[in-house]
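Here is how the chains run, residue by residue.
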Amino acid sequence: MFTFGSKVLIGATVVATIAAIVYGLTQEGSLGTVGLISAALGLGLLAGVNLYARDSDVSSMDAAALTESAAARPTPGPSMWPIVAALGGTLVVIGLVSFPVVFIFGLIALLAATAEWMVQAWSERASGDVRFNADVRSRLAHPLEFPVLAAIGVGIIIYSFSRIMLFLSKTSGPAVFGVIGALILVVGFIVAFSDSLRAGAIATVSVVAALGLVTGGVAAALGGERELHPHETTGALAADGGCDTPDETEADEHASQTVAAKANLTAEITLNEDGTLLAHNLGVQGEIDEVVVTRANPTNIQFRNESTESRRLVLDLGTQPELDEEGNEIEGSEIPNQRCTQMTEDGGTQFLTFSIPVASSYAPTPYRFIVPGVDTAVLEVEVP
Amino acid sequence: MTRQDAVDQTGTSDTRTVSVRRMPGPSRVRRRVTAVVGVSGAVLLASACAKDAPQDTWQPAGENAQKIQDLQWPVFVIAGVVMLIVFAAVGYAVIRFKDRGQPIPEQTHGKPALEIALTILPALILIGVAIPTVGTLMALSKTSDTECYVNVTGQQWWWEVDYPTQEGCGGIDTPIVTSGQMVIPIGTNVLVRGTSRDVIHSWWIPRLNGKRDMVPGRVQTVRLEADQPGMYSGQCTEFCGLSHANMRMEVIALNAADFETWKANQLAPYEAPERDTLAATGEATFIAQCSRCHQVDGLLDADGNPVIAQPQDYVWSEAAPNLTNLMTRNTFAGAMFDLLTSVCMDRVWDASPEEFGAVYLEGVTLDCLNQVDLREWLRNAPEKKPMYTDPEELGPTDGKTRGMPYLALSEDQIDQVIAYLLERK
Numbered sequence: 000m001f002t003f004g005s006k007v008l009i010g011a012t013v014v015a016t017i018a019a020i021v022y023g024l025t026q027e028g029s030l031g032t033v034g035l036i037s038a039a040l041g042l043g044l045l046a047g048v049n050l051y052a053r054d055s056d057v058s059s060m061d062a063a064a065l066t067e068s069a070a071a072r073p074t075p076g077p078s079m080w081p082i083v084a085a086l087g088g089t090l091v092v093i094g095l096v097s098f099p100v101v102f103i104f105g106l107i108a109l110l111a112a113t114a115e116w117m118v119q120a121w122s123e124r125a126s127g128d129v130r131f132n133a134d135v136r137s138r139l140a141h142p143l144e145f146p147v148l149a150a151i152g153v154g155i156i157i158y159s160f161s162r163i164m165l166f167l168s169k170t171s172g173p174a175v176f177g178v179i180g181a182l183i184l185v186v187g188f189i190v191a192f193s194d195s196l197r198a199g200a201i202a203t204v205s206v207v208a209a210l211g212l213v214t215g216g217v218a219a220a221l222g223g224e225r226e227l228h229p230h231e232t233t234g235a236l237a238a239d240g241g242c243d244t245p246d247e248t249e250a251d252e253h254a255s256q257t258v259a260a261k262a263n264l265t266a267e268i269t270l271n272e273d274g275t276l277l278a279h280n281l282g283v284q285g286e287i288d289e290v291v292v293t294r295a296n297p298t299n300i301q302f303r304n305e306s307t308e309s310r311r312l313v314l315d316l317g318t319q320p321e322l323d324e325e326g327n328e329i330e331g332s333e334i335p336n337q338r339c340t341q342m343t344e345d346g347g348t349q350f351l352t353f354s355i356p357v358a359s360s361y362a363p364t365p366y367r368f369i370v371p372g373v374d375t376a377v378l379e380v381e382v383p
Numbered sequence: 000m001t002r003q004d005a006v007d008q009t010g011t012s013d014t015r016t017v018s019v020r021r022m023p024g025p026s027r028v029r030r031r032v033t034a035v036v037g038v039s040g041a042v043l044l045a046s047a048c049a050k051d052a053p054q055d056t057w058q059p060a061g062e063n064a065q066k067i068q069d070l071q072w073p074v075f076v077i078a079g080v081v082m083l084i085v086f087a088a089v090g091y092a093v094i095r096f097k098d099r100g101q102p103i104p105e106q107t108h109g110k111p112a113l114e115i116a117l118t119i120l121p122a123l124i125l126i127g128v129a130i131p132t133v134g135t136l137m138a139l140s141k142t143s144d145t146e147c148y149v150n151v152t153g154q155q156w157w158w159e160v161d162y163p164t165q166e167g168c169g170g171i172d173t174p175i176v177t178s179g180q181m182v183i184p185i186g187t188n189v190l191v192r193g194t195s196r197d198v199i200h201s202w203w204i205p206r207l208n209g210k211r212d213m214v215p216g217r218v219q220t221v222r223l224e225a226d227q228p229g230m231y232s233g234q235c236t237e238f239c240g241l242s243h244a245n246m247r248m249e250v251i252a253l254n255a256a257d258f259e260t261w262k263a264n265q266l267a268p269y270e271a272p273e274r275d276t277l278a279a280t281g282e283a284t285f286i287a288q289c290s291r292c293h294q295v296d297g298l299l300d301a302d303g304n305p306v307i308a309q310p311q312d313y314v315w316s317e318a319a320p321n322l323t324n325l326m327t328r329n330t331f332a333g334a335m336f337d338l339l340t341s342v343c344m345d346r347v348w349d350a351s352p353e354e355f356g357a358v359y360l361e362g363v364t365l366d367c368l369n370q371v372d373l374r375e376w377l378r379n380a381p382e383k384k385p386m387y388t389d390p391e392e393l394g395p396t397d398g399k400t401r402g403m404p405y406l407a408l409s410e411d412q413i414d415q416v417i418a419y420l421l422e423r424k
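Residue numbers (numbering that gives the first Met the number 0), protein chains in the order written: chain H, 0 to 383; chain F, 0 to 424.
Don't take each hint at face value.
Some, not all, of what chain F presents toward chain H, calculated at C-beta under 7 Å [as the list claims (entries may be wrong)]:
no.	residue
1	Thr-142
2	Thr-152
3	Leu-190
4	Arg-192
5	Arg-196
6	Glu-317
7	Ala-318
Quick list of simulated restraints, FRET-style, between CB atoms [claimed, not checked]:
no.	chain 1	residue 1	chain 2	residue 2	range
8	F	Leu-125	H	Pro-142	38 to 48 Å
9	F	Val-74	H	Gly-154	43 to 53 Å
10	H	Gly-154	F	Leu-393	33 to 43 Å
Since the hints were derived computationally from the structure, they do not count as laboratory data.
Even for Gly, the Cβ is constructed at its ideal location relative to N, Cα and C.
Bound conformation, chain F alone (with noise of 0.2 Å):
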């Protein structure tokens, strides 16, 4: 409709009167949409150049991931050759023969030559890419020169990590379970064995290898080398329901010595907390509260006798993370939320390699305590983190959870757990 038309309809001369809509014409819609493709492409174009990209499969940090990296390049430049070929080939054709309103041309059928050619040409590409594509594959199934074992399992949504008694890894002789971290020493093979306690699952740390399924009832290994101190960060990357984007994990990589530290660390005896304080009610709360279902090495009950914890009463999966070293780690609740403030969580991402094990081996201090999702936590767990927790939709797990539920913990309770909890290093 033109604007004439507009006022002619609308039964009024004043034009300035009158509000006009009019149709944006293809010209203008053209434009548009190439404004829209084209701002989107810069935006994607410029998330390539992102610095603070943890995940990034192009930034690798071991031998393993450096295969990768190794091979996708030249496919990725071969992809590319023969990308630009056709599309060019494809726009030579649209633009050269395009209908101008002259006369079809003859049409013939068949050319064995070119067929042939093009028939053999994409053969050779792919078997010139096919050779180290089976090479690396084969390169990253090796497991014979294995230098430490580590199991990990995966659960709705959480890894659990355990170390089982080896000559490995410089020697284990009491297995090491924790969650969230896997702490491995640098320039070691490390084998990684995994499986699930539910659903299928999926271990990636892009930084140092590929992302292998973790299956219940089967055992996957994955290959694992860190050439420098840092920590990895990675994500379950198959969906495995409600709070599968919250299912996180993280490789931490120490020099030999700083291993060592964190081995003997984790493999210290029990201390319980001083009488009298508020650690040692936030023990006794523990103990009520959260027992149940998490372990703590080496606490006793007031009789004296080991507590151990019975998540297989509990929870659906019939595990929950292992709190004996809490504070050793620097993230809870599956890797969700940071045991440190942000302030001291940069400064472990920024340390340098030389610095690293020093600094993550501080563990989580009062001062860098992040008391604020700790305690949320606390509060309502279900409230920060999607789970399958509320007592009337447990029919179909037998009124088992999935994921922490809520405690109804008093604020009282909260500060002593919490007490309690800040020992656990």
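With the rest of the complex left out, here is chain H (with noise of 0.2 Å):
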């Protein structure tokens, strides 16, 4: 008997048979009623060529491909990751053209898309077995699958919480935060303490504490981060020409907390209890009484304070021009050129990193190493 498509290829070609005859009978022109007619042919084509292969439906030819085809496996159920692909592709595209980042974004979507669409696809042919094949790819995919997840929520939530204090002010973060530390210490009592306490409910509450806390990472993070106040450094200081003051600066602050270097330093400069300042050059033997410095080469001092009270070691350069607030300089108007430590203890030691680009020889004034407040404390740079 016919098939189903047979009898709708039949159809079709009727319909354009009649309608060719009707169109040439009552319409002007050919053009029309040559269009019906291939129409015509052409579905009687397919129609003849369907009736022979009959719908190419194994089933009403062999009852048994029905069960045991390749076809009569379980078809795959519906998977996100073509879409995912297709999204991470089209921003790769935009990215292209517009931001890096979106590119990167659209790249892992693409590279995650396409490997999870492997893994589902490999899986979904690892046999007849529907439940046996979702295992399968359980077994391959969750140990990278979870990571990545874990990862990625940790990430989400520190970057949030990062947000957060940044956005507070430094009154407010730490009563915000008291306030949510204790209320997430509560919520854990009731619910080590609660017997009949639903497993929904504390879902539920992790759900909103959770999307409470990515909210409000976003809602800071388009709030932007508080006025911070910057911390006046050394660098500052050499810049303002106000190294060689005596006194405490909000540079010297925390000056204990910096971290300095022991290792293979090009010298070590120590101001003695009487007022001299010496140095030791690394690998060279004794006490000098000039520092040899290579030309235009980051170089790190430490300055040891022998002395009975705080003071800084500065590394005097003569002078510079003096830079208006563009950056542009103020014509003769000189300041001084210095480098300096933070002011340091008796008996503390501090770190100095400088380059010197233009040899001794071709300097207006000779470098050397000066203590404010210490007349006797000078040391010679030579830089070669």
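Can you join these two chains into the complex? Each is in its own frame, and there are hints to help.
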């Protein structure tokens, strides 16, 4: 008998033929008639092929194939990975012409979707048993999926926390997080000591907390960071020509917390109790009264204050043009060209990194280390 | 596939017209592998007999390298004996107990006496090796007997050498700055204080001592001592970028009198070229084109002011070789090229220890100048040595180059600069 597909095609052929006749008799011009006759012929040809192939319906010729053929296997379930891959591909293309971060996210999505899609496709062909295939997929993918998802989750939590912390002021921050901490403690107690608490309630509280955190993080990120007070550094002190002050400045706060290198320094410079400044150059025997520094090279020295008062070490490189707020030189105005350590307590050490681009023989004034407030503390610097 | 199989598949019986490609059998493959391995091994072994090997650690030329030699020989012997014993034991086990279908022997587990012995024996061997090793390391780290200090600074891709003022080295009252070649007096404990301006480099003159990494922001020391006058070559041994393989250096050892001559020459006042000469024009060209980066001590501009190079404005690592006495050296461009022609350079390399100082101190003469490489270098340096100088690729370095850029010098300007540089000795 005719199959469903054949019936449709035969019917379409008949309709096209009738339409061609009606069109030819009622309308002027032959183009429509030719088109409809062509359609009738094409549909007739397809109907003939379909009749011969019987809709490619194996079951109509071989009933056993319904249960034994490859096509009889369960169809794969719906998958989100093609959509994710398409989204990734789109982001990659958009990222190429917009922002690198879009490209990176797109690439990650594309690679992840490709890997997941491949694993899923492979697992669906593992056997005829859908549950077994799902189990196979889980065994392969979960060891990777779980850590990655956990890392993403932790990352979101940390990022949200950090945005909230940076948004809140220095005074309100501890209060807010104190309250949140107390709340978590209370909820923890309730969960621990309540016998009748349902799992659904715990899940709901957890989801609400997570959503609250993420929402707060997003809101804080949009709100921006609070205004952070820039802590003055010795670099800023040097730029203002203020290194030679014997007084403590804001740059000297927390000086004792500064980390100093202890090995392979160019020199260790010591301010002795008698007010002399002497150096020990690595590899050179004994204390010396001149430090040799390689030209145009990041140089590290350590200052050791063995005097009885807090002092800072200053590298005096002469003078330099003063700059205005826009960084342009102020004509005719010079300020000291210096680098300096933080104020160093007696017995303490400080670290100083600097680079001198011009040989000392070409310097208008000799390079030297000095200690403000101690006139006898002078140490020549030679730059070959 | 056999030959007959191939004939059958072609459907013809005329074997003369059939091309048969036979796959080599297992025995043939084994023979080929054996031949390749054998020939490679023989070539490798023969390379150890090379005489012209200026960077051979097995030819120590100074006290420090000799200490390393005295350590590595016994260690190699001990390691060799251990290797032979292990190989012999494994070979014996493989051949003697090869699977010939015999029944599996009785399986035993644990033999305390043997296990203890095989633990103690290697420990004793390692202790035996460790004691002289530690002693040698301490001896090579010693600085208390230093007689001369030299600073070395690595930079992509050349070495700067400077001699600070000191009482050592026979006394130096004005710093000397040079590059590529370090000149030292023989029989003197020289302490190299090294660092780097950009990335980690490694200083190694194999015939004088072991290698030492030169790290930005840190100072590393290495002792050098040469027994006889001569030229000892080395090269950077820490991958440092594009032209790492072209970052070479030499240590020139001179006897005390020759070293004093060299020193005096380095500190001699600048002599301007005679007026109206090609060199005088070259001086002006040098000031206009080269002195932005290269320092020539004593050079004055038209107004009589010192010309001070400002490489920090043009070079990423903020320095370029000092060319004050360029023609007293015999290499340039990070010691990649010889300033001398091959004939003259061979004369330096082949000079006897007695003659070496005189030959080296001749410096570069017009007859001996390697004009080919120097001209090509001045014509387009980046073509001679891979460097980062393309203006379109200097964004990450704020437009500053790493290496000498293309200067678009005309042939006339090159002639002038060469004439000027030839007098820098």
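So, going through the hints one by one against the coordinates:
With a cut of 7 Å, the hint placing Thr-142/F at the interface with chain H holds, because the nearest CB-to-CB distance is about 5 Å. The restraint placing Thr-152/F at the interface with chain H holds, with a minimum CB-CB distance near 5 Å, inside the 7 Å limit. Hint status for Leu-190/F relative to chain H: holds, with the closest Cβ pair at about 5 Å, below 7 Å. The beta carbon of Arg-192/F is positioned within 7 Å of a beta carbon in chain H (closest approach about 5 Å), and the interface hint is therefore held.
Checking Arg-196/F against chain H by beta carbon gives a least distance of about 5 Å; that is within 7 Å, so the hint holds. The interface hint given for Glu-317/F is met, as the beta carbon of that residue sits about 4 Å from the closest beta carbon of chain H, less than 7 Å. Given the 7 Å rule on beta carbons, the hint for Ala-318/F holds: about 4 Å separates it from the nearest Cβ of chain H. The supplied range of 38 to 48 Å is met by Leu-125/F and Pro-142/H, whose beta-carbon atoms lie about 41 Å from each other.
About 51 Å separates the C-beta atoms of Val-74/F and Gly-154/H, a value consistent with the hinted range of 43 to 53 Å. Distance hint check for Gly-154/H and Leu-393/F: the Cβ-Cβ separation is about 36 Å, which falls inside the suggested range of 33 to 43 Å.
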